[in-house]
Each structure stands twice: as C-alpha cells, then as structure tokens.
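One letter stands for each residue in the lines below.
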Amino acid sequence: MHRLFQFKGGVVLKEHKKDSTALPVQPAKLPPTLTLPLKQHIGVAAEPVVAVGDEVLKGQLIARAGDTLSAPLHAPSSGAVIAIADQPIPHPSGLSAPCIVIETDGEERWRPRQRSVFNFAELSAQELREIIRDAGIVGLGGAGFPAAVKLDPRGHEVELLILNGAECEPYITCDEMLLREHALEVLAGLLMMRHALNAQRCIIAVENNKPKAFRALHEEIQNTGANVELVEVPTIYPTGSEKQLIQVLTGKEVPTGGLPIDIGMVCHNVGTAYAVYRAVEFDEPLISRYVTVAGSVAHARNLKVLFGTPLGNLIEECGGNRRTLRRVIVGGPMMGTAMHSDTVPVVKTTNCVLVESVMHDVPLPSRDEYAMPCIRCGNCAHACPVNLLPQQLYWYARARDFDKIQDYNLFDCIECGCCDYVCPSQIPLVGYYRYAKSEIWNQDAEKRQADLARERHQFREFRLEREKKERAERHKKKRSAVSKAGGDDKKAAIEAAMARVRAKKAEQDSAPKNTDNLTPAQQRQVDEADRRRREENPATSPRDNKAENTQDRPQ
Amino acid sequence: MTLQTPPPPHIHSGLRISHIMLQVIAALIPAIICYTWFFGWGLIINTLLAVLVALASEALMLKLRQRPLRPFLGDGSAVLTAMLLAFCIPPLAPWWITVLGVAFALIVGKHLYGGLGYNPFNPAMVGYVMLLISFPLEMTSWMPPFILEQLEIGFVDTLGMIFLNHFPYGLSIDALSSATPLDAMKTDLGLNKTVSEIMESNALFGDFAGTGWEWVGNWLLLGGVYLIYKRVISWHIPLAIIGTLFVIGSFFFLMDPDTYPSPLFHIFGGATILAAFFIATDPVSASTTPRGRIVYGIGIGIIIYVIRAWGGYPDAVAFAVLLMNMAAPTIDYYTQPRVYGHARGKD
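Chains as they are written, first to last, in our numbering: chain B, 1 to 555; chain H, 1001 to 1347.
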C-alpha cells in the first residue's frame, strides 16, 4: 500500500458527480460553425497558416505555434475558413480575441493520416516530443500549458511522473468517464510520457470517489503488467491541484516560485495522456475533448466535443434552456469562470460547462450579495491548503497595501477558493486576491516602463552633456590653433575664405540652368506651373511643413 | 438575457456570522440555567434587559453610520455581547448598571471603532471594565449561593429589586449580598489567614472553587467543549489560558499552599472558564494565527494570575483580555504560519 500524506486544510464538498456519469459519453452534434481562438494555451498565440476562403480538412494544421511556448491549432472538422477575426472567447473579461472561424461541411473528411507502424519506444524522447508538439497538445487539466514543454526534463532527473486523475472539483466527471471508457489508452499515453521524460517511477492518482475508474485502470495495469503504481487518494478539495497532489503522494512541497520539476517531479492530467496516445498511435492532432455538461440541464452528461463548438449548443443538446440561463460557468464551481455569453466556444482547456438557470431547479448555493465585515474567525486560514492567512490578505487587499500583502505571500495563493467557501461573512475573497495580484502586476509593469524611461532620460542627459563637452573641446582646439597661427595668418585665412565664397558665387551665376534656352511654349508652361504653385501654397512649401512636424514629435 | 459573472468560487458553504453567534449563545444557555438555579432570576432578567438595550444601541449606531439594519441586527453579535456582559454583572445590580454597561459596550466599545469586525477590544469587557471602575459598589455586590435555601425570592421579587430598588423581607442590598469566593479569599489572605483556614471557615468556597460557582463553571466548560467540537472556536486559546493558570497555579501552590490557593481554585473560580471559552475567543479582538492564539492565551493566563495573586482586584479576566487584545496584531505579525513551499524557520 502506498503511504499517503496530508495537505493542510482543504474542504469536503458535495460531489454532484452521479448525474453526469449515468450516461455513456457520446460525440456532440457537429455545429454549423466552429470558432477557434488562436490562443487556447499558456504562451504565445498561434499564427494562422490558412486564409479566408480556404477549404480545410479535419485535422489539418490551421495555425502554427508562435513560439516554443505555444501550440499549433488544427481544424476540428472539414469545411471552409469563413473568417479570421476577433470573436468573443471564454475569458473572464468577456473580451474578444483573434479566432479562425470554420464553416463545417458535415462530411468530416480527414486529412491523410499515418497509422503508426512503429513501436514508440524506438522513438527518441525528442522525436516523441515533436509529435506531441505538432499535435497541438496542451495540459487538459485546466492550465493549458504546452505538453511537449512539460515533457522535456531539460537536464533534470525525473524521479516521479504523476498522472493526475483526482478531479477534485464537484460536478466535473470528464476525467472519470475517460478513465472508465479508455483506461488502456490513458495507460499507453502515460508510458509514452514516461519515455519522453525518462521518469523512474509512475503514479496514477485517482480520488476514492471514483471506484469504477479505479477498477478499470487497475484491470488494465494487471493485464498489461505495466510498471505503474495506482493510488487512491482521499476526496478532499483541492487534492487535484498539482502542488497538493504532490504533497499527498510524496509528502514533499514544491518550493515557492518553483516548479515540480525542481524536486524531480512532473504532473500531467489523464486527458493529456489520452491525447498523447491518440497523437502518437493514430496521428490525430488534438481537436476534441471530453466535456462535462452539468447543472440545470435535463440530461447531465459528458460529451466528446470538437473545439470551437459554442457552449450554448452543448447546453441545448443536454436539454438545457438557453433562455433561462443565469450563470454559465466554464470549469468547476470552485475555480471555474462565469461567462458573459453562452456563445463562446469550447477550447482545449474547457473541462466542464456548469449551468445555472433562473428557475433554480438545480441551485448553486452562492454567496450573498451583501458581504459582512471580516470577523477574523480564522475559518479561512484553517481551510487554506497553502497555509496562508487569508484574513490578513483580505485586509491588505482592501487597504490596497500591496507591499504588506506580499509579505503575507499573496503570490503563493492558488486561488482554490476554500477560504471563500467557508467564510461566514461571505466575502468574495478570491476576487480580492485576483484584484491585488493584477494591480501588483500592473504596478510592476508601470515601474519597469518608468525605469526604462528614466534610464533613457539619464542616457540622453549624459549624451547631451558629452556632446557639449566635445563641442567645447573642439572649439578650444580650434581657437588655440588659430591663435597659435598668429594675427597675420588669421587675416590671411579670412581672405582665403572670402575668396572661396566669391569664386563659388561667380560659378553659380555663369552655370547654365535647365530653364535657360526655353521655347516659348515651354516658358508658358513653366509660368503656368509657377502661378499654380503659388495659388495652392501661398505661404509655405511642403518642405516647411515637414520640418514643423518633426519638431513637434515627442522625444 | 445577461448572464451573471461573479468571481469564483461559485458555491458557498452557506455559513453565516449569525450561525456562529447562535452556536455560542446556545453553548451559554446551560450555564445560564445553572446560574439561575443557584442565584435566582436576576441573571435572566439582566440578560433580557441587556439584549434589548444592545439591539437598540446597535440599531441607533447603524442608523447614524448609515449602515443597513437587517444584516447587522440579525448577525447575533450584539445579542452575544449583551449576554456575556450580563453574565458578568451581579444578578441583583440595579437596572441602570446593565443599561449603561451594554450601551457603552456597543456604542463606544464596538461602533465608535467601526462596528463589527473593526473593534480592537472585546466590547463586553470594555463595558464591564467601565462599570467596574465607575460603580465598584454595585459591581461587587454579589449574591451568596445558599440564599435561596433560606429565602424565597421569586421572579417578581427580583424584578422589584432590580428595577425599583424594592427589597423583600425588609432587607437591603447590603444585607443580601456577599463577596465572591475570589474576593473573600483575597480579603482573608490579607488578614494573614492560611488558604486552608479560609476555605474551611466559609461555606462559600464549596468543594474546590466556590459553591454554585464551580457548577456554573462546569456547565460553561461543557458549552466550551461543544464549541470546540463544532469548530466554532479553536482549542488554542482556552487550552493556553487554562494550561497557563494550571502551571503557574501549581508552581506557587506547591511552593506555599498556605498563601496560594490550588490551581483548581484559579481555574474554576471567578470568570476563568467563561473567559477561556467565551470571551477571549471573540475572534474580532483575539489573535488569529494558531501559534498566535497560544501566545495570546498564555498572556491572558499570566495576567489573570498576577493580578489575582498580587494585584488590587480579586479577579482580572477583563483586564487580562483587554491587555492582550492590544497585543493581538503584533502577535499575529510575528506568528505567521509557514506557507507551503517556504523553507522552515524562515519568513
């Protein structure tokens, strides 16, 4: 039996997982259009490689990775590109961002694929990572970090690869259903990941509220004899958080500001492992995922959804009423984001669509509108899995004391929402922390800019000073040269200069011009042109204008 | 249809301040019943009066401060402050003592500092100390516990005594009242009697900490344990206060049992249990970090003992709590817990 550890705090939540696990997973209906944001991952946005009007095949590359920390994008279905423009994206701001819009033709014609004939173990780790990168795979647990980057040990010795199937948020069951239906494929994907990382040990962690998923994995591990540990972890939110899961499994903590790889560990989501398997074995890029649709819908369930499908389509498909929506949450009830509109698309990181209707048929018990003052009861500190003092963070966030709030380690907050959940004053604590974090980031950015401006200014001052000095130096030299030459020489020098000027003037006067020797007709044209020019530009010539402009330009 | 877009999390446990306050009030009720059994109707009348005054003061201050009435009147905090203060007032004290104390606690102790959540001092103790130093006579006229065995004093009689200064059987408050065990102990020790002499000579002292009082203490203890079990309060503060009194009390008792009463006397006598579980644990004015709460509790225990043994007052719970209230922010700053991923011993 694997020895387990505990993380501090956490909360036990009502699971609400039964409803959406009753029905088997089925593919969602193909929508008429798919809207694909160019940035569905952490890092740089992808760059389109198709143009409006292009025909695309299912799985065809439509945007390439913008950088190493980026991911390419593929057409989820066949059809035509009808727009590359800003569209609403699933983001808390409700803002729009560049998207590729594909009109589907309903034929689902694949691009040519090569069923792999090789044993993946014969591939080098780098080749494996290239396949994963080119398939556009990012972390499907929620963060959307490009998987190939996270599968590169970059000189670290990877002692432990953890496959995260904890899925601790209420309502969400997409990982559970994936494990129940595709345990073998997930296991295969895990072994590929292990190969890429050259990891010594592998653990698959599943919360103990998913016995069916656990059994499916257990059977496959037995059948295949894979050298993988399967561990059941207690159902306490937020066990599924990377740092907390590492603590539960190993008792170790990821150093603040560091990554798991710093202590020889890497953590991936089970969905990512499945995507890796599909990419390596079937040459399938990441174009769809399992999405849980739960809450105020008649048939809560999991659907296999093509990226770009509008949330509203899924809600309707599961028997929800789009006209009575109150909240549409992408993700779980603890860390998910409430959407401004149900027309935004499913993207790579969308694991759940949680619906609340105004009818309150399946109510999500939310905070009161009116928050009471903090009474410092300490429930929040007790619940915090990171051992922060949320009551102090709140106090300083409210006071906008951004130095003090960093003393209290604001940036170690994982925004899990436990403090908020247990707060008897019903204060939107996570909202305050996000506000404080973004203010600090803004201030830092402003400070960097100010520093840069100051540096530039100082350099300019320095340059002017230097030029002045150099000028003075030159003058001095010249003057001393002239005075050294003595009075007669000075007079001679002036004489010589005057002579040069006279010579030049004479030369100009005698030189022929192209306006000399004109025919009468040409002369008329010239006169005419002169007159026109005077009328159009009575005072200034174009050149003067330009000179003025350059003077106005700020430095 | 516009969708709502609040920040996450999108669910809540449903816990409210009023739930916390109601549990504390509930935990206090067995002790109130026991108190009434030994000392008559005075406490219940005082408590009802205190609650009424507290709600009125709270409403007045909320109006003046232009805050919504409903959430704050319903949060139960004013009621709890009133009940705790009433618990500390002698059961036959005239009505204006209760009214003044509670009004002062709510208006000065709470709302002038910014209301719920912003008061640095425990409002009930602010009210109590104001009364104790302004009206020492009224605040030290306690009832002897066995009086009810000798005299029949009903509810109406008690009302008359509190509101009309009308005493039955031709008695006066001076004739009816006596000192508390702590008070008697202090006085007699001052007369160079030994602790065992004092306790044997006076039935007031009961089995270990005062007839009646020790039983009230037991019921308070039970209520306090219930609060810890329900996680309304944490164990740190009560354990630190009681533990400190036990350690210091034992030390001096073992050194010189004639001059220093036993640690049990300190723990169950006076307001120790009430303070440890119900007063010092007021979250607003107490320390908020786990280690800080222990430091805070030890501080209260030390101050209680020092004032009781060598100070001018027989009991010192209120002073101890108020003094440590002042230190709470500093204690909190220096007792921050180690955050996940930070090296041990640093920070």
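Be careful, since some hints might not be right.
[Claimed, not checked] Label pairs and their in silico Cβ distance ranges:
| # | chain 1 | residue 1 | chain 2 | residue 2 | range |
| --- | --- | --- | --- | --- | --- |
| 1 | H | I1029 | B | K404 | 39 to 47 Å |
| 2 | H | V1247 | B | E229 | 34 to 42 Å |
| 3 | H | Y1333 | B | A453 | 31 to 39 Å |
| 4 | H | K1230 | B | L4 | 23 to 31 Å |
[Claimed, not checked] With a cut-off of at most 25 Å between alpha-carbon atoms, the simulated SDA-like pairs for lysine to any residue come out as follows:
| # | chain 1 | residue 1 | chain 2 | residue 2 |
| --- | --- | --- | --- | --- |
| 5 | B | K404 | H | P1337 |
| 6 | B | K304 | B | F282 |
| 7 | H | K1230 | B | T224 |
| 8 | B | K437 | H | P1006 |
Treat the hints as calculated values from the structure; they're not laboratory data. Heads up, the beta-carbon is just placed ideally off N, CA and C, and yes, glycines get one too.
request  = Of all the hints given earlier, name the ones this structure violates by number, lowest first.
outcome  = The structure breaks hints 2 and 7; every other hint is satisfied.
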